[in-house]
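Novice: Protein chains in written order, with the UniProt record's numbering: chain C, 1 to 255; chain X, 1 to 833.
Please keep in mind that the hints were generated in silico from the structure rather than gathered at the bench. Every residue gets a Cβ at the ideal spot worked out from N, C-alpha and C, and that includes glycine. You may find that some hints are simply not true.
[Unchecked claim] Where chain C lies over chain X, by a calculated footprint (3+ residues, C-beta under 8 angstroms):
#1 265–273
#2 747–761
[What the hints assert, rightly or not] Partial list, computed: chain C residues near chain X (C-beta under 7 angstroms):
#3 T73
#4 L89
#5 S90
#6 N92
#7 T95
#8 R101
#9 I127
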Amino acid sequence: MTVTGEASGPRTGPATVAVAAQGVTKVYGTGDAAVHALRGVDVGFHTGAFTAIMGPSGSGKSTLMHCLAGLDTVTSGQVRIGDTEITGLSDNELTLLRRDRVGFVFQSFNLLPTLTAEQNIRLPLEIAGRQADQELLDRVIRTVGLRDRLGHRPAELSGGQQQRVAVARALATKPQVIFADEPTGNLDSRSGAEVLAFLRTSVRELGQTIVMVTHDPVAASYADRVVFLRDGLLVTEVLRPTAQTVLDTLMKLEA
Amino acid sequence: MIRTTLAGLRAHRLRLLLTALAITLGAGFIAGTFVLTDSLQAGVTRQVAASADRVDVAVLPRAGHGKPGEAELAAIRRTAGVAEAHGLVRGPAALVGKDGKVAGDTPTTGVSVVTGRLGRTAMTTGRAPAADGEIALDENTARTRGFAAGDTATVLDSADRPHTFQVVGLFDVGVDQELAYTGAVGFTPDAARRMTGEKGFAEIDVAAAGVPPERLKAAVTAALGGAGHRVLTGDELAAELARVNGGNLEFLTLALLMFGLVAMLVATLVIYNTFNILIAQRTREMALLRCLGATRRQVFGSVLLESLVVGVLSSLAGLAAGYGLGAGALRAGTAFGLQSAPVDATLTPRTIAVALAVGVLVTVAAALLPARAATRVAPIAALRTQSEEREFRAGAARLVIAGLFLLAGAGVTVAGTRMPPGEQALFVVMGGGVLIFCGVLVLGPVLVRPLSAVAGWAPARLFGVPGRLAVDNSRRHPKRSATTTIALTIGVTLMTTLSVITATTRATYTAQLDEQFPIDYLVSGQFGRADAGGALPREIAATLRARPELASVTQVRGAEARIGDAKGRVVTYHGPYTVDLIQGGMRDFTAGGALIGSNTADSLKLKPGDTLTVTTAKAGVQRLKVAGVYESGKALVSGVVVPEGAFETYFGRLDDDRVLVGARDGVTAGDSRKAVEAAVAAYPTAKVVSTTEVRGEFDQALDTALAVVTGLLGLAILISLIGIANTLSLSVHERTRESALLRALGLTRRQLKRMLSVEALVLGLIGAIVGVVLGTAYGWAASRTIATDVLFRLPVGQVALFVVLSGLAGVLAAVLPARRAARASVVGALAAD
Chain C
1 MTVTGEASGP RTGPATVAVA AQGVTKVYGT GDAAVHALRG VDVGFHTGAF TAIMGPSGSG
61 KSTLMHCLAG LDTVTSGQVR IGDTEITGLS DNELTLLRRD RVGFVFQSFN LLPTLTAEQN
121 IRLPLEIAGR QADQELLDRV IRTVGLRDRL GHRPAELSGG QQQRVAVARA LATKPQVIFA
181 DEPTGNLDSR SGAEVLAFLR TSVRELGQTI VMVTHDPVAA SYADRVVFLR DGLLVTEVLR
241 PTAQTVLDTL MKLEA
Chain X
1 MIRTTLAGLR AHRLRLLLTA LAITLGAGFI AGTFVLTDSL QAGVTRQVAA SADRVDVAVL
61 PRAGHGKPGE AELAAIRRTA GVAEAHGLVR GPAALVGKDG KVAGDTPTTG VSVVTGRLGR
121 TAMTTGRAPA ADGEIALDEN TARTRGFAAG DTATVLDSAD RPHTFQVVGL FDVGVDQELA
181 YTGAVGFTPD AARRMTGEKG FAEIDVAAAG VPPERLKAAV TAALGGAGHR VLTGDELAAE
241 LARVNGGNLE FLTLALLMFG LVAMLVATLV IYNTFNILIA QRTREMALLR CLGATRRQVF
301 GSVLLESLVV GVLSSLAGLA AGYGLGAGAL RAGTAFGLQS APVDATLTPR TIAVALAVGV
361 LVTVAAALLP ARAATRVAPI AALRTQSEER EFRAGAARLV IAGLFLLAGA GVTVAGTRMP
421 PGEQALFVVM GGGVLIFCGV LVLGPVLVRP LSAVAGWAPA RLFGVPGRLA VDNSRRHPKR
481 SATTTIALTI GVTLMTTLSV ITATTRATYT AQLDEQFPID YLVSGQFGRA DAGGALPREI
541 AATLRARPEL ASVTQVRGAE ARIGDAKGRV VTYHGPYTVD LIQGGMRDFT AGGALIGSNT
601 ADSLKLKPGD TLTVTTAKAG VQRLKVAGVY ESGKALVSGV VVPEGAFETY FGRLDDDRVL
661 VGARDGVTAG DSRKAVEAAV AAYPTAKVVS TTEVRGEFDQ ALDTALAVVT GLLGLAILIS
721 LIGIANTLSL SVHERTRESA LLRALGLTRR QLKRMLSVEA LVLGLIGAIV GVVLGTAYGW
781 AASRTIATDV LFRLPVGQVA LFVVLSGLAG VLAAVLPARR AARASVVGAL AAD
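Using the sequences plus the hints, can you model the full thing?
Specialist: As structure tokens, this is what we get:
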């Protein structure tokens with residue numbers, strides 16, 4: 001099935017599309033060795049929504065995220081972030097786009113070990129040479145609950161704390177969209193729940209758009225909507241998911 | 001286990017390539033030194049053998065004894081078994097150049113050219129002189145003085161009377177260092193004796209009439225009786241000549257090897273660092289090996305084996321490079337006429353053994369500590385997903401050890417500078433320098449943080465976020481950064497030391513020149529001919545005084561005499577000159593009075609008013625009253641100065657040694673020079689130098705020496721740059737994911753490259769800062785061992801240039817690693833584990 005940008009979002013209001021993919025394919029290698037990671041994906045992500053991308057291992061969910069975020073180039077098709085068509089942009093243009101309009105949270109190795117928590121949070125702003133929105137920054141830091149650990153280096157923080165710093169960093173630039181790649185993959189369940197709750201809060205309270213790749217049904221249940229990939233194709237989606245509905249859908253896909 | 005190691009080596013080929021290059025360069029330089037000097041030595045031996053081959057027995061004067069003369073030659077010729085015997089004449093015979101002045105600072109040496117069976121002079125052009133009016137010149141003199149076969153040339157005899165000759169040929173002086181230095185004029189034996197005024201022979205060569213050399217040697221020895229001359233067979237002569245002339249080569253070998261050792265020391269640091277980083281990066285691999293049952297010993301052995309393979313391969317490459325280097329130097333030497341005959345590059349077993357041994361030992365020794373670190377990896381480390389950054393803490397032991405080294409080094413150095421100037425003091429200071437260096441080596445990791453703050457101050461502000469990240473990165477692994485930078489520090493320290501010494505020597509010499517020669521021109525004779533009175537007829541001074549362009553003319557003359565119990569020199573002067581005194585006054589400087597230098601005053605414990613005895617051949621013992629003391633080395637004169645009248649009573653009417661000339665104000669340099677030259681034109685032995693020329697020649701000599709040494713130190717610098725490039729590329733590899741994260745967060749490729757360039761810049765600057773500080777201190781300390789009253793100069797421009805160049809070189813070293821880092825795909829790097 002195909003989900004277009006016109007599909008009804010979970011929230012009322014202006015249903016603009018923050019990120020959209022159209023007919024995106026991605027082939028690694030050539031000839032016999034060619035691997036078709038994406039076989040033509042059409043998908044849209046609404047502004048102010050928390051969307052999870054799920055699928056079995058090798059379904060192409062990480063590849064899709066990388067293509068959507070401009071980290072990787074597509075073989076064919078188009079990707080738009082806001083009004084900008086990003087396919088065909090040069091490396092430099094892509095870098096600037098990431099810097100100004102996209103935030104990232106990765107599974108591991110999210111922070112620079114030489115910088116303190118606060119320096120890590122401010123890093124994208126400084127790379128861009130942008131003045132920090134101090135009010136937003138304060139609010140983000142308050143929400144993350146890290147005020148007393150701002151001077152610590154990553155090595156002195158727990159995994160959950162590190163990941164919250166990473167989320168705060170992504171939020172600090174007020175990007176059009178945040179891509180989170182298995183943000184709880186390395187965390188124990190309590191820390192994971194904290195991070196996910198925090199992601200959801202930032203969508204609710206700050207109106208942030210978040211696209212998260214995960215293979216954990218519980219993590220996916222924090223999202224407003226879950227889209228499912230299999231063998232490089234978008235196969236179905238679940239709105240207002242629970243862990244159970246997500247798990248059921250997955251079981252059906254794997255079967 | 002061996003197979004695992006070799007597989008690992010193949011996998012890390014590229015990472016070890018730069019390390020191997022460092023060893024190759026060091027071993028190559030050492031091998032090249034041996035190839036060069038061995039080949040030169042072989043050339044000398046061959047030339048000597050070719051020359052001495054014709055001689056069956058040679059008679060040489062014993063040092064301190066008289067030379068064999070006509071009587072001895074006649075006695076030898078009468079000896080049974082002697083087919084032929086010739087005496088070789090050798091003595092000063094000054095060639096007059098085409099400018100009408102004697103050629104060179106010392107007179108050329110006149111030699112007799114023997115032809116026939118005992119002819120050892122290698123004619124290269126034309127023929128040997130056959131008549132009294134013919135001469136041959138050595139090739140080098142002919143070239144530099146512009147003579148060719150067929151020209152006429154004037155040569156002065158021992159009484160400075162000019163004689164005209166026809167040049168009929170050119171010859172090669174071979175390995176004879178004395179002739180090579182002074183230049184040589186070849187005469188027929190009779191002409192040689194007349195021109196040089198020599199009564200004896202420097203050597204008598206004997207050819208045998210069918211008698212073995214040993215028997216002939218015995219016969220000749222018997223014929224000479226107890227005259228005490230040395231009698232050698234031809235083989236013994238060849239061996240002796242080769243030994244005497246090979247001495248210079250030994251010095252060259254030692255000097256070059258010193259630079260080779262410095263290069264190897266730097267290479268050791270680079271290798272040590274590389275292995276340390278590789279081990280740190282392969283912690284999980286090592287741990288996995290341990291998990292799979294490898295013992296500590298096996299892990300240790302595996303790392304050592306790796307270093308052994310790298311050492312052997314790169315030493316072999318170094319040997320090949322060294323052979324090429326030596327052969328290239330030989331070819332260049334032949335092309336520039338530095339050696340007469342082309343010499344083939346020789347590769348001796350010793351060269352091979354030394355190059356391989358040094359290369360392999362250095363590599364394996366440098367890998368010992370890293371290998372031990374590898375054994376400390378716990379098997380559990382394999383299970384940790386992320387290697388943690390360990391904070392470096394300055395341990396108390398490190399501080400104490402470094403403190404002890406620094407204290408001892410400072411103490412020894414200060415003691416060295418307080419010693420009387422001389423070689424011994426220099427060695428003490430050098431010893432202090434080595435101790436200080438050890439201290440810095442131990443303290444390095446502690447110093448990196450504050451130094452990177454200093455070196456990174458400007459870059460962190462100039463280059464924004466990449467700049468600040470780079471400065472952070474530069475101090476991230478203090479040990480690694482310290483080892484990387486200290487390799488550069490070695491080269492920069494030595495270069496700074498040398499440029500400080502050079503600048504100080506130059507300043508000191510110039511100041512002395514200004515004080516000693518408040519004059520514009522110095523007229524003097526050649527060295528080595530003023531034994532009996534001066535070389536300049538007094539008419540020269542008279543002629544100079546008559547020139548309106550010249551304001552002051554001072555004549556200086558001197559003679560040997562006994563001063564107290566020792567041999568010394570008594571001098572006087574005539575002209576408008578006053579000796580600057582530090583004690584006493586000119587009031588007592590009358591007949592019976594004398595001025596003495598501060599050295600004499602110190603050694604004889606004399607002060608103004610005391611009495612000094614001077615004994616001369618003509619006037620016997622004279623008791624002189626010390627009128628004043630001048631500072632030795634700072635006055636225009638040296639020795640015991642007496643008034644002119646008294647001098648003539650003691651020694652008679654002597655000619656001048658030197659004439660000091662001052663130009664009249666307002667006369668151009670060209671005009672005054674012309675005036676002086678016109679006045680001395682009729683006297684071929686009188687040479688005119690302007691003090692600016694003296695200064696220029698000295699400056700040039702200093703600059704050449706500095707350039708040569710800097711060039712040789714360049715190798716050490718190059719190796720340390722390889723070290724920086726190596727450390728960076730390994731760090732880049734280590735930080736792949738970090739770089740990817742930064743790229744994902746919006747750092748452009750250019751910014752990422754800049755970040756690495758700035759990191760290299762900071763590393764280069766740290767190395768240079770330490771080097772410049774140490775080098776300045778040791779330049780000062782070493783200058784103090786040359787003389788006590790040196791004028792210390794810090795060549796600020798040059799030193800600043802070293803710092804800037806080190807920084808730039810660091811940036812250059814970062815080019816390749818930075819490119820690699822920037823090329824990496826963000827996704828690929830993020831996915832990599």
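Novice: The structure should be examined with respect to each hint, and the outcome stated for every one.
Specialist: Hint by hint, here is what the structure shows:
With 0 residues bearing a CB less than 8 angstroms from a CB of chain C, the stretch 265–273 of chain X misses the requirement of three and the coverage assertion fails. Closer than 8 angstroms: that is the beta-carbon criterion, and the stretch 747–761 of chain X has 5 residues meeting it against chain C, so the requirement of 3 holds. For T73 (chain C), the interface hint is violated, since its Cβ never comes within 7 angstroms of a Cβ in chain X; the closest pair sits about 10 angstroms apart. Violation of the interface hint for L89 (chain C) is found here, the shortest Cβ-Cβ separation to chain X being roughly 13 angstroms, above the 7 angstroms cut-off.
This hint is violated: S90 (chain C) has a C-beta 10 angstroms from the nearest C-beta of chain X, more than the 7 angstroms allowed. Contact between N92 (chain C) and chain X, as hinted, is supported at the beta carbon level, the nearest pair being about 6 angstroms apart and thus within 7 angstroms. At about 5 angstroms, the closest approach between the beta carbon of T95 (chain C) and any beta carbon in chain X falls short of 7 angstroms, and the interface hint on this residue holds. With a cut of 7 angstroms, the hint placing R101 (chain C) at the interface with chain X is violated, because the nearest CB-to-CB distance is about 9 angstroms.
A distance limit of 7 angstroms between C-beta atoms decides the matter here; for I127 (chain C) the minimum to chain X is near 5 angstroms, and the interface restraint holds.
The structure does not agree with the numbered hints 1, 3, 4, 5, 8 stated previously, though it agrees with the rest.
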